[in-house]
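With chain C fixed as given, assemble chain P with the ligand onto it according to the hints.
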Amino acid sequence: MSNEETELIRSSLDDFLSRELYGNETEIERTGISSEFLGKLSQQGFLAAIVPAELGGSGLDNTSYRAILMELARYSGSVALRVLLLNSLVYRILKKMGKESMLGDVLSGKLAISIDTSMFSSFAAAGSEKFFIDPGAPVSLLMNNNELVLASVKVGKAGSYRQLGFRGIPFGNPEFTTIEKIAGVSDTRKFMDELIPEISPEIASIAIGMAEASIDKAREYSKVRKAFGTSLSSFQPLAFPLAILSTQLKSLSEFLMSPAERTDTDKLGIKELATEFAIVASKQSLQTHGGYGYIEDFGIEKFYRDSLALNSLFGERVHSLRLLAKSYYGEEAGNL
Amino acid sequence: MEFNLEEKYVEYGKKVRDFAQKEFTRALIEKCDNDEHYPEELRVKTYNEGIMDFTDPWKVLIGIEELCSVDESLGVAATTPYFGVEVLMLFGSDYIKEKYLAEVSKGKAIMGLAVTEPGGGSDVAGLTTTATPDGTHYLMNGGKMFITNGTIADYFVLLARTSNEEKRHHGLSCFLVESSWEGFTANKLKGKMGVRATDTAELILSNVKVPKENLIGEEGKGFNYIMTFFNISRIYVAAQGLGVAKGAINKAMEIVKAKGPGYASQESIQFAISEMATRLEAARLLTYKAATFLFNFNPNPTLTSMAKYYAAETAVFCTEKALEITGLEGLNSQLERFLRDAKILEIWEGTSEIEKLVVARNLLKEGKVS
Ligand SMILES: Cc1cc2nc3c(=O)[nH]c(=O)nc-3n(C[C@H](O)[C@H](O)[C@H](O)COP(=O)(O)OP(=O)(O)OC[C@H]3O[C@@H](n4cnc5c(N)ncnc54)[C@H](O)[C@@H]3O)c2cc1C
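Taken in order, these protein sequences are the chains called C and P.
Position 336, counted from 1, in the first sequence is what our numbering calls 336; the numbers after and before it change by one each time, with no gaps.
Position 80, counted from 1, in the second sequence is what our numbering calls 80; the numbers after and before it change by one each time, with no gaps.
Isolated chain C, as found in the complex:
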């Protein structure tokens, strides 16, 4: 896909989002993504963006999919993460398990599946509390004796957390009264280690979308807000970092949006760069907004929280860095 085509996707998506999402971002963080809005996302084909057409999906290529994630993340990290979870994770895992027949209901938003985030953890602390996405769902992708399984579950208490980020999506520590296995992935560790490079540029796309929105908002604000009789944009400690961040953003974004086939090293590497970049950019934006940046209603601090959550949600950073080093050296590396 050419740059122009990607831009076209992003701008038509921007129209849809400015109509349907603009102004409701903070509400989503407080009350969750409504089923009505999920329905609209489904109608647009986002919930099944990378699912092949023969399975009822949109069959989009990688670049278009990343463009969608990026654009969604500019408005709401929660909505972008929801789309990523369904496509990058649930679809790929169900496919691996040969359970494509369930896709219709799941990807249309009719059937909720809870996700045990410990599937990404290589060094889980013994006895630590579970951290499930959508903890109340009747079907679950969970870790059972180091095996990733799809199970039908009965949930006693879903539990809930006050989350650092992605508050539009519920996280919790469910108590399962029954777990009935439907399918499993026999070599889970190997499967996850192969999945991580696949999903990495997609996670990076969310990070870049959030970074872009943070930088844009800081730029706008610093042009209109005044201190010491002049606009904030006059001050080097604010203007210089923003200008540099915007160039970094452009290069990361172009790398991600390029249709060129990427190696695993590049895929893993871009995720590291992008997630770290999102933290730096959103923090700078918050700081530029001064006290207003610290208040939820201004919609700035959420990008900082979401960026930090994104950095931890998909397992220990040291594990993806080890995969990156191994891929880079072509042999075991960075393991000590």
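Keep in mind that the hints were calculated from the coordinates and are not lab data.
Errors might be hidden in some of the hints.
Taking lysine-lysine pairs in the DSS-like style, the calculated list, with each CA pair at most 25 Å apart, reads [unchecked claim]: (1) Lys190/C with Lys96/C; (2) Lys108/P with Lys45/P; (3) Lys22/P with Lys45/P; (4) Lys321/P with Lys326/C; (5) Lys226/C with Lys356/P; (6) Lys167/P with Lys226/C; (7) Lys356/P with Lys289/P; (8) Lys31/P with Lys157/C; (9) Lys356/P with Lys223/C; (10) Lys22/P with Lys289/P.
Some chain C residues near chain P, calculated using beta-carbon distances under 8 Å [claimed, not checked]: (11) Ser121; (12) Ala126; (13) Glu129; (14) Phe131; (15) Leu164; (16) Ile279; (17) Glu296; (18) Gly299.
Glycine is no exception: its CB is placed at the ideal position from the N, C-alpha and C atoms.
For chain P with the ligand alone, coordinates are given in the frame of chain C:
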């Protein structure tokens, strides 16, 4: 050179830590964080148990550090009822000291300090709230923004414009304003990222009649009084930063160890721990050095601003790193709250940018560093 704290301070620190570990229960922390609830009962207990000992500033500093190492939000909520008292102590008339300071010192009244306005906080001299002489009173009009204890304080030290001078800061004066007075309104600001146990509000002043005896010190000197106050309070903000950093590092190490020896032995994890601990140590030395100057009645604004911004940045650095190395367990622990709380330290009582400007301008004036 002596780097160890005197035994009495070590013991005091332990007393405060024990208090915080007992009183800052998980239920209280979560209630305050979820509901943005101000813990009035905790304020009273903190006072009754003599946790903030204002007779000795070292005890205040160490106390704040210890409280914030358990929970910054509750730590600040428990210690800010006295916010601004130094202005009264240093510049208030006998009348003000007897009528107001005495009440605050007895734990019977809560204070606040109102400088920031909707139009700006960094540019203090640019404020627009006015206090116009009117017989035996001043008539006060304007608005204040982000004021800690805004809806719960009984008294505020409030900075307002009394005249328009060529040098803007020469036209500012400090007043003691009672929240019960007609024309005074406080609207609670909800939805802060962190420090949610603290009360924050917007104040509206509409023809508030402030008696002339409530002018603090001299007219036109308010800016200097507030800057003098900041040179004290910024040391305590630095102490908040030390506490948060310490709490975050300790929690991170606990999780890293729980993840097993295979995890704790990863060199990148160990580097992160080293870097966090080193920064904390450096920030503490700087803060204690600035405090030594201040507490010996020889304040050094350069060191104070260095300490404030460096300790704040250290708190943010450590909470970010702590989350990074603890993965999902960190996200699902009090580290996430530590992180949300830490960021305010780079904003309140002078943003990091403003502190850096203070440092550089002082240094350039002197033309050398020590
Ligand atoms: C929870 C909370 C509690 C608070 N409590 C109080 C309180 O009790 N009393 C009170 O008076 N205030 C209080 N404040 C206000 C706080 O002190 C201000 O938010 C802070 O001083 C910054 O002011 P501002 O928000 O108006 O940002 P602005 O002054 O608009 O600054 C915006 C950005 O521009 C930067 N900037 C400004 N000037 C320059 C320059 N010359 N060079 C480089 N960069 C510059 C700032 O560093 C900042 O990054 C509180 C704020 C919060 C969020």
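Evaluated hints:
At most 25 Å may separate the alpha-carbon atoms for a hinted pair to count; lysine 190/C and lysine 96/C meet this at roughly 12 Å. A threshold of 25 Å between alpha carbons decides the hint, and for lysine 108/P with lysine 45/P the separation of about 12 Å falls inside it, so the pair holds. Between the alpha carbons of lysine 22/P and lysine 45/P the distance comes to roughly 12 Å, so the proposed pair stays at or under 25 Å and holds. A distance of roughly 23 Å separates the Cα atoms of lysine 321/P and lysine 326/C; the hinted pair therefore holds under the 25 Å criterion.
Between lysine 226/C and lysine 356/P the alpha-carbon distance is near 19 Å, which keeps this suggested pair within the 25 Å criterion. In summary, the hint linking lysine 167/P to lysine 226/C is supported, as the alpha carbons are separated by about 19 Å, within the 25 Å threshold. Between lysine 356/P and lysine 289/P the CA atoms are separated by roughly 18 Å; this keeps the pair inside 25 Å, and the hint holds. Restraint check for lysine 31/P and lysine 157/C: satisfied, since their Cα atoms lie roughly 20 Å apart, inside the 25 Å limit.
The hinted pair formed by lysine 356/P and lysine 223/C meets the criterion: a straight-line CA distance of about 22 Å does not exceed 25 Å. Using a Cα cut-off of 25 Å, the hinted pair lysine 22/P and lysine 289/P is violated, with the two alpha carbons roughly 31 Å apart. Taking 8 Å as the C-beta cut-off, the interface hint given for serine 121/C holds, the closest approach to chain P being about 6 Å. Interface hint at alanine 126/C: satisfied, since its Cβ lies 7 Å from the closest Cβ of chain P, which is below the 8 Å cut-off.
Here the hint on glutamate 129/C is kept, as its CB sits about 6 Å from the closest CB of chain P, short of 8 Å. With a least beta-carbon distance of about 5 Å to chain P, the hint placing phenylalanine 131/C at the interface is held under the 8 Å criterion. Checking leucine 164/C against chain P by beta carbon gives a least distance of about 4 Å; that is within 8 Å, so the hint holds. Among the interface hints, the one on isoleucine 279/C holds; its C-beta lies about 7 Å from the nearest C-beta in chain P, closer than the 8 Å criterion.
Given the 8 Å rule on beta carbons, the hint for glutamate 296/C holds: about 4 Å separates it from the nearest Cβ of chain P. Restraint check, glycine 299/C versus chain P: the minimum CB separation of about 11 Å is more than 8 Å; hint violated.
When held up to the earlier numbered hints, the structure conflicts with 10 and 18 and fits the remainder.
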